[in-house]
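Visitor: Spelled out from the first residue to the last, the chains are:
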Amino acid sequence: MTTATQPRGRSRTAGHPLDTRSRRLRRATRWWPALLLVALFTVPYSALPLPGLLDGPIGGPGNLQLLALCLLFGGLATGYDLLLGRTGLLSFGHALYFAAGTYVTNTVMLEAGLPFAASALLGLLAGAALSALLGAVSLRVSGIGFSMVTLAFAQAASILVQRDPGGVTGGEEGRAAPADRLPAALVGIEHTANLYWIALAYLVVVLAVVHRAVRSPVGRVWEGIKENERRVEVLGLRPYGFKLLAFVLAGTLAALGGLVYLLLTGGATPQTTTSDFTLSLLVMVVLGGSGSRWGPTVGGVLYTWADHRLTDLAGSDTVAGLPAVVRVPLSQPLFLLGALFVAVIYLLPGGVARLPARLRAARPSPAAAEREEVPAP
Amino acid sequence: MSTVVLLTFTGLGLGALYFLVASGLSLIFGLMDVLNFAHGALLSVGAYGTWWAASGHLPGAGSGGAGFVLAVVFGTAVGTVSAVVLELAVIRPLYTRPREQILATVGVGLAVPALLSAIWGSDARPFPGPKALSGTFAVLGAEVPLNRTVLIGAALAVLGALKLFLSRTRHGLVVRAGVEDRAMVTALGIDVRKAFTLVFAIGGAAAALGGALGGLYFGSVDPEQGTSLLIFAFVVVVTGGMGSLTGAALASVAVGLVQQFANYYTTAGLGDLAVVVLLAALLLVRPRGLTGRLA
Chain V
1 MTTATQPRGR SRTAGHPLDT RSRRLRRATR WWPALLLVAL FTVPYSALPL
51 PGLLDGPIGG PGNLQLLALC LLFGGLATGY DLLLGRTGLL SFGHALYFAA
101 GTYVTNTVML EAGLPFAASA LLGLLAGAAL SALLGAVSLR VSGIGFSMVT
151 LAFAQAASIL VQRDPGGVTG GEEGRAAPAD RLPAALVGIE HTANLYWIAL
201 AYLVVVLAVV HRAVRSPVGR VWEGIKENER RVEVLGLRPY GFKLLAFVLA
251 GTLAALGGLV YLLLTGGATP QTTTSDFTLS LLVMVVLGGS GSRWGPTVGG
301 VLYTWADHRL TDLAGSDTVA GLPAVVRVPL SQPLFLLGAL FVAVIYLLPG
351 GVARLPARLR AARPSPAAAE REEVPAP
Chain U
1001 MSTVVLLTFT GLGLGALYFL VASGLSLIFG LMDVLNFAHG ALLSVGAYGT
1051 WWAASGHLPG AGSGGAGFVL AVVFGTAVGT VSAVVLELAV IRPLYTRPRE
1101 QILATVGVGL AVPALLSAIW GSDARPFPGP KALSGTFAVL GAEVPLNRTV
1151 LIGAALAVLG ALKLFLSRTR HGLVVRAGVE DRAMVTALGI DVRKAFTLVF
1201 AIGGAAAALG GALGGLYFGS VDPEQGTSLL IFAFVVVVTG GMGSLTGAAL
1251 ASVAVGLVQQ FANYYTTAGL GDLAVVVLLA ALLLVRPRGL TGRLA
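Protein chains in written order, with our numbering: chain V, 1 to 377; chain U, 1001 to 1295.
Treat each hint with caution, since some may be false.
To list a few chain V residues with every Cβ distance to chain U over 10 Å, as calculated [unchecked claim]:
| hint | residue |
| --- | --- |
| 1 | Ser-22 |
| 2 | Arg-23 |
| 3 | Arg-30 |
| 4 | Leu-35 |
| 5 | Pro-49 |
| 6 | Leu-50 |
| 7 | Arg-86 |
| 8 | Val-137 |
| 9 | Ser-147 |
| 10 | Ala-156 |
| 11 | Leu-160 |
| 12 | Arg-293 |
| 13 | Arg-309 |
| 14 | Pro-333 |
| 15 | Gly-338 |
The calculated label-pair distances, taken between Cβ atoms and stated as ranges, are [said to hold, decoys possible]:
| hint | chain 1 | residue 1 | chain 2 | residue 2 | range |
| --- | --- | --- | --- | --- | --- |
| 16 | U | Ser-1055 | V | Glu-172 | 27 to 33 Å |
| 17 | V | Leu-25 | U | Asp-1191 | 25 to 31 Å |
| 18 | U | Arg-1099 | V | Ala-117 | 38 to 44 Å |
| 19 | V | Thr-318 | U | Ala-1161 | 39 to 45 Å |
| 20 | U | Thr-1136 | V | Gly-241 | 37 to 43 Å |
Keep in mind that the hints were calculated from the coordinates and are not lab data. Glycine included, every Cβ here is placed at the ideal spot set by N, Cα and C.
Extracted from the complex, chain U is given alone in its bound form (with noise of 0.2 Å):
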């Protein structure tokens, strides 16, 4: 039993990071129709602005309490601004140019993860985390890490923070009328342009957030860390349908907890390709993915 509850925990953890991640690959294929290959890339930059922060670089920024809060937050905003000037530098100029803009993006997947380890060297660094967070805490028998429950807490708070801002706000709706159609919006007399930006900016936020909250998660960082996430985060978003938000959480929930149970269960790894072979089977059962969105 201590082990099934552990596995949940350490499966919704990870289903937690594959959701920050998703979401806003998710948001940014729904509006564009652009597979953000950088979307790891920005996840490496979020790990790397905490990492650098926590460890005694940023004044103010340290590996305990406020200290780390503050740490997570620089790294999320270094995340953010790196993926608005990812959308108005790179993919901006190609707005008419579809597929060289998922090229642009496959260009700067390669180099930003490179220029990482360029400067800080390819190998894992130690992730400076609060002693707090260190801990476990005992679930039904079972000694559960505290940082699975943080990552499971911040996925869904920005779930909820998504879902009350598509819904409750102007800009949410302008979004999710894009997603719908967006020459209908555009014809309407909306800037859809700005939504792209805006877009952007979210995912780039909950990327860099994942990527922050997975150095508590991994216990290091590296550049490599991102891309090796992102195929999985690709495999949530087209189980859950692009564009859809709850699907992407439904999927990033079941991605995750399979992967662990397979892992476990049988051998090592051979959760990762149970993973794989789903999605394949399933889109071609539903080709629109689980909730029935355009593919």
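Next comes chain V alone, as it looks inside the complex (with noise of 0.2 Å):
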């Protein structure tokens, strides 16, 4: 980002050879996605140690796995800021299209004896007839009244699945997926790789779509729709249509999340479908930053990591051998995130995304920034 702002500040005044060094440069610094993805394509290959960040080499297939999800959920984010973020939609029940997609494929493959692609296929169809029937509902009323209604939904499938009806769904516990029916490339820990290229593949499919659909005439309508829902309906548009539209866009993207975590974690658990994973989707969202098109994959990225090594950390030696005021806090993952996530929304209002962009307005002058040796405050 030095780079970018260095030249920027100095071709105001010095003009035309250095204005197209600049350009080359940023041109060559807006390919840092591609190489972003190559490097993470390559990642399984890698033996590289990143102590305190991972316990042992990245490739290791217990970092994979933890990668993987860390992808996933990036991913996820990224699809539920399209109802948040670009929409201006409150959706407390987004963790169920999600498990429509985890439970529909499993429930399948287990009950009906279907191969997985095809149950895959039912899942993913799932989702997004779910959404649709269930958005076009919510979506008749507007504000607190629709994150309550999808709350409410939600509420009442969560409590299905834990009810176990006829024993279709596992209950309190989950269902495993069948191993002989999944793909044999995608059953055990030495596939690993496997698993994190489809979680890789996820999250590309989910950027790509979610870039797509807002830089599209619909998505400036959701834009419009999230600044002031009036105006769009006094330009002679139903707000009604286009909100259903990225509704059910958000939960088959939700759904398709699901079925990957169902190949990442091997079964279904009832956890996916609590509302406090809608809330923990919510944290990330806005730990990463709304709206923004990074933000939410990295807020995935950053809360799921956290999220595991925080566990970790709290089941080490050395934090029972801490005091009691240090230890207790430290031992629940939960309380750090939660106090982080008020700390964000207080000290970083836009998220991680919009940190670059605050340190550099933070700057005292491009000419300071120009000579590095300033430190930023």
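Assemble the dimeric complex from its two separately framed chains, guided by the hints.
Guide: Rendered as structure tokens:
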């Protein structure tokens, strides 16, 4: 980011030759997502240790599993932000569509004995159909009423899943996916790399879909609805259809994420149906920066990583030896994450994604930024 | 017949618990437009405060007689103080950012139960109640546990006190006016922010009292109790019409009764389902809730 600001600061005074240099630089830095993608793609081949960040080499099965979960939740949070940050809809029922993807696929495989591909298609369709149906109903009320109806539907589904009707959902224990129905390349610890690539592909798909969607004419209407729904109506557009489209798209992406989750964890668990799950998605999005391109992804990755690492930390010997005042809060990752979340709302409005811009703005002047020895306050 | 009577009392007891949580939620939402996700945490704080005091940690408090009353008073006081701190420290700096207010309460609502389970463990702790309240009494051939009536009595007392406060005092007048039209009250030169803190204190006290007496009802306290009650309290608030106290009272009775009867006469768990489905249906027919308040 300093490379980008440096020439820009000087180009105003120095003129043409540097201007082309800055343009070339910017064109080069525009490709950083592709570079990052390549780097992420090669992770399973790497034995690079990241001490402190991960336990052991980065390409180990345990770490790959964690990284895959991080990528999955990055994608899931990005899909959720389609509602929260792009359309301004505060849904408390997003877990339902995620769980629909997981549970329908798993149940079809277990009960009907269909192969994975067919079950996955059914799971995806179920997520899309469910979000279309429930979205059509809940969008009839707006504002906090909408949040409450989505919460009510998700809660109803959560109760239903935990009630285990006819032994289909497995109740509070959930149900493991049948290993014989899954493709052999996706089962077993030696194939974790494949699962990792699937999670990476999911993230890329979600990012691409969301990016395309918000740049399309429909995406502009979404933005209008977020800013001022009444004005969109005055312009002669019916917000209902547009909101429903966002809801169904986000629901389908969540169901797709549910499929990936089923493969990654090898089963369906009722924790993914609870309102706490939706709340954690909300935390991820706000942590990273709602309504920004990379923010929700960053938030999802950070949250998932922090959650797992803090859980490891809580069980470690170093923590057990600390005095009670420090040990007690450290033993509950959710406490730290909740506190961190509140802190981000205060100190970092716009989330982590706004951090570079804020740091840049906090620098005293372009000249000082150029010399580099002046640290950002 | 005896089953119906027992179910009615149990449903009313549960409804009373919902009302204690929902009354504060409803007032806070009506006045400040903040959906307080930390309200369940306030209930848990009250429950743990009472449990802590009644287990003999607070001198003078105990599990029986006057000692238990003191423990309940202590738990309620802790809940009230927490609510005031929550309003002053978390909500107040975000007055200009309404959505962030909700998000901040979500964060607090996640953090506080986690802190409680970090300190006292995530397992349920048996709640020491007075022996006098553990018995039953006979109504129309049914043996009804006494603690249900305590909850119902407390809820009625809170409803009466809140009604008196809202209709007879100047602060109550400001709160009522603020629920109707906050901008107008501010324009008349009244500092509504004082009313915000007041409403939070009242809501926190009611929720903490609910937590203290909920310990009697469930016989134990656990960190997640408040959060699971909160969802049904939301249902009550929305059903009753946000900001309406009478609506919340009616809705909590309805929700408690529907839940108990459906859980008993169909399969367990279906009552909880029936309640949320009813909420969805009601919102679609009457988006403003039972009492026609603005949602």
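Visitor: Which numbered hints turn out to be false for this structure?
Guide: 8, 9, 10, 11, 14, 15, 17, 19, 20
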